[in-house]
Amino acid sequence: MSNIKIKSKNLNVYYGDKQALFDVNLDLNEKEVTALIGPSGCGKSTFIRCINRMNDVIDICKVTGNIEMDGININDKDLDVVSLRERVGMVFQKPNPFPKSIYDNISYGPKIHGKGETKSELDQIVENSLKKSALWEEVKDRLDEPGTSLSGGQQQRLCIARAISVNPEVILMDEPCSALDPIATAKIEELIDELKKTYTIVIVTHSMAQAVRVSQKTGFFHLGKLIEVGKTEKIFKNPDNKMTQDYITGRFG
Amino acid sequence: MTKEERLKKRHRAEKRFRFYGLTSIFVALLFVVILVQNIFSKGSSAFKKTIITTEVFFDQELLEIQNGASQEEIMEADFYDTMIENLIKAYPAKNRDEEDELLKLFSGDAEIEIKKAFLNDNNLIGKTITLDLTASDDIDQLHKGNYPRDLPEERRRISDFQLVIYDYFVENKKISKNFNNYFFNNGDSRDPELAGIGGALVGSFYSILICLLLAFPVAVLASIYLEEFAPKNKITDFIEININNLAAVPSIVYGLLALQILLATIQLPRSTPLVAGITLALMTLPRIIIPCRASLKAVPPSIREGALAVGASKFQSVFHHVVPLALPGTLSGTIIGLAQALGETAPLILIGMVAFVVDIPSSPIDPSSSLPVQVYLWSESAERGFVEKTSATIMMLLSFLIVMNFIAVYLRQKFEKRWN
Chain E
-10 MSNIKIKSKN
0 LNVYYGDKQA
10 LFDVNLDLNE
20 KEVTALIGPS
30 GCGKSTFIRC
40 INRMNDVIDI
50 CKVTGNIEMD
60 GININDKDLD
70 VVSLRERVGM
80 VFQKPNPFPK
90 SIYDNISYGP
100 KIHGKGETKS
110 ELDQIVENSL
120 KKSALWEEVK
130 DRLDEPGTSL
140 SGGQQQRLCI
150 ARAISVNPEV
160 ILMDEPCSAL
170 DPIATAKIEE
180 LIDELKKTYT
190 IVIVTHSMAQ
200 AVRVSQKTGF
210 FHLGKLIEVG
220 KTEKIFKNPD
230 NKMTQDYITG
240 RFG
Chain G
628 MTKEERLKKR
638 HRAEKRFRFY
648 GLTSIFVALL
658 FVVILVQNIF
668 SKGSSAFKKT
678 IITTEVFFDQ
688 ELLEIQNGAS
698 QEEIMEADFY
708 DTMIENLIKA
718 YPAKNRDEED
728 ELLKLFSGDA
738 EIEIKKAFLN
748 DNNLIGKTIT
758 LDLTASDDID
768 QLHKGNYPRD
778 LPEERRRISD
788 FQLVIYDYFV
798 ENKKISKNFN
808 NYFFNNGDSR
818 DPELAGIGGA
828 LVGSFYSILI
838 CLLLAFPVAV
848 LASIYLEEFA
858 PKNKITDFIE
868 ININNLAAVP
878 SIVYGLLALQ
888 ILLATIQLPR
898 STPLVAGITL
908 ALMTLPRIII
918 PCRASLKAVP
928 PSIREGALAV
938 GASKFQSVFH
948 HVVPLALPGT
958 LSGTIIGLAQ
968 ALGETAPLIL
978 IGMVAFVVDI
988 PSSPIDPSSS
998 LPVQVYLWSE
1008 SAERGFVEKT
1018 SATIMMLLSF
1028 LIVMNFIAVY
1038 LRQKFEKRWN
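Protein sequence lines correspond, in order, to chains E and G.
Note that this note's numbering has the first sequence beginning at -10, numbered continuously upward.
Note that this note's numbering has the second sequence beginning at 628, numbered continuously upward.
Excised from the complex, chain E in its bound form:
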């Protein structure tokens, strides 16, 4: 039995008058991939954005309840979000590299956190991050080129490398493959498999097949509620809930 890394307790999220999440209680295991599935607008993304407090950016967003990481509530007003986001990295739906060089894309995070004081340390971090995200071989000779000049799949791996560069404990992935072709998707999935040895990963996906392939645990959301959560195998073979059954067999969603 693996350790619980993150534990949400009665998590409610409101966008103005609209409630987006209702009493979500979800445990994420350390060094495991948890997939979140469900129809669009069901609150999957909202949930993972609570884990690195990305919802703070939205003025009208209000979050109640607790999210504990290693036993500490991260939904605490006094918590420093900057150091939280150093521990919880995020990869977005659409690749969003900075319009800077590949090198600068990756060295930015370590720089602002004061990691890699010298040039050679930074070089090392960049190289390691790119190696971990399986991009090193493709870009090692053109680190000065803009990150935006890479292909979509490479850009997404660059974003993963950027997330890894600050050495986080958790990586959140918000539909990381939705803008990519099947080959690029396969590469990212392979990469996720590799990364889970070091990091706790949460992935939001619209692809059932992807959830089955990459995750050990799956949560199904519907209309802001966590309907069912369990081992991926069980959820896809023998779900307890009728709605989960209907969704994974493609009867709605």
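Simulated from the structure, these hints should not be mistaken for lab results.
Beta carbons: idealized from backbone N, C-alpha and C, even for Gly.
Each hint should be verified, as a subset may be incorrect.
[To be verified] Label-pair distances were calculated between CB atoms; the ranges are:
| # | chain 1 | residue 1 | chain 2 | residue 2 | range |
| --- | --- | --- | --- | --- | --- |
| 1 | G | I866 | E | D67 | 28 to 34 Å |
| 2 | G | V845 | E | F241 | 53 to 59 Å |
| 3 | G | N871 | E | G30 | 19 to 25 Å |
| 4 | G | D864 | E | G30 | 50 to 56 Å |
| 5 | E | A175 | G | E631 | 26 to 32 Å |
Start from chain E and add chain G according to the hints.
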């Protein structure tokens, strides 16, 4: 209606629309051509001035100074008699009246021009040199062909006798045209042949500089705060609406405001580039804030999120990523705002920049003119020589505006990232 008829109708409508579009572009271009042609045909002659080649003899008795005289001695010396004695020899005049008419063919600065020649070489006593002296406005315009000589004498500013002298000069190749350095170096003058935009250029430069120094930092910081940090609430909305309204306020209102506050209350020196710059900065501020905010808004939120997600603070995400990306748009907005300010006339008239200023300002607190105000002043003047000066000043102003707009467009095209 059959299907074919409908199809034909649709094609006709498309052709009609094409025709309307092309016609309007043609009309617009026609007006531009007329405007430019008009300004050029009137103004291009102002870049040349007419000069009369005259022999000048420096007679010691008239000058009462020695060869090798010091600067001060020369400055104090009286060159008036030297000038008169030499100029009347330019044409064999018979009597005093004829001499007077001859003298009127030279500019009012003939004495100064002779003195300058002597300042350059103070060994000229007892020698004769050939000097190019500036012709008077009337001869200048006549020589450039801007003055009709077939009018009856009483309706001309040039007498028949002066025409005779002019023809004599032309025949003996004593009259010619060269580059009009006075137009660029001199300040304003009552004599068109001596009037220049030097003072207006410096005045405009100081005004725009002060406007830039005041408006740019305030506008950029205000835009960054409003766009990135301000809470989205009623107060922010209210400020935004008011900024948009201020951008539409007629510029003369800013002139009145400056008149009341800067001149009457604070008692800043009137007619100065300092006051002009502050007034223009007030006017330009909202006009820079609007494009600044637009270019900040154009930076996609995914960049901000990307920065935040690796643990950048709000401040870092804005100043490391958003602002550099918005900079080209910000700069081009600023340049266009300054170009508008450069062409602004009404508020400057109200703060007294219409004053007749001969001296070229040496600092922003010296009285001065500015390019658009100089256009306004000269267009009101009666002398024919100011017509070409007015158009030439407009040409200068337009070329500055074109250069500024070109830089703005270039910055945007070259450096702005396009997001798809």
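Problem - Assessment of proposed distance window 19 to 25 Å (beta carbons of N871 of chain G, G30 of chain E) - result: violated, 34 Å
Handout entry: Assessment of proposed distance window 28 to 34 Å (beta carbons of I866 of chain G, D67 of chain E)
Key = holds, 31 Å
Exercise for the section: Could you tell me whether the CB distance from V845 of chain G to F241 of chain E stays inside 53 to 59 Å? Expected result: holds, 55 Å
Exercise for the section: Hint says 50 to 56 Å; check whether the CB-CB distance for D864 of chain G and G30 of chain E agrees. Expected result: violated, 28 Å
Practice task
Check the following: the C-beta atoms of A175 of chain E and E631 of chain G are separated by a distance inside 26 to 32 Å.
Solution key: violated, 54 Å
In terms of the numbered hints stated before, the structure departs from hints 3, 4, 5, listed from lowest to highest.
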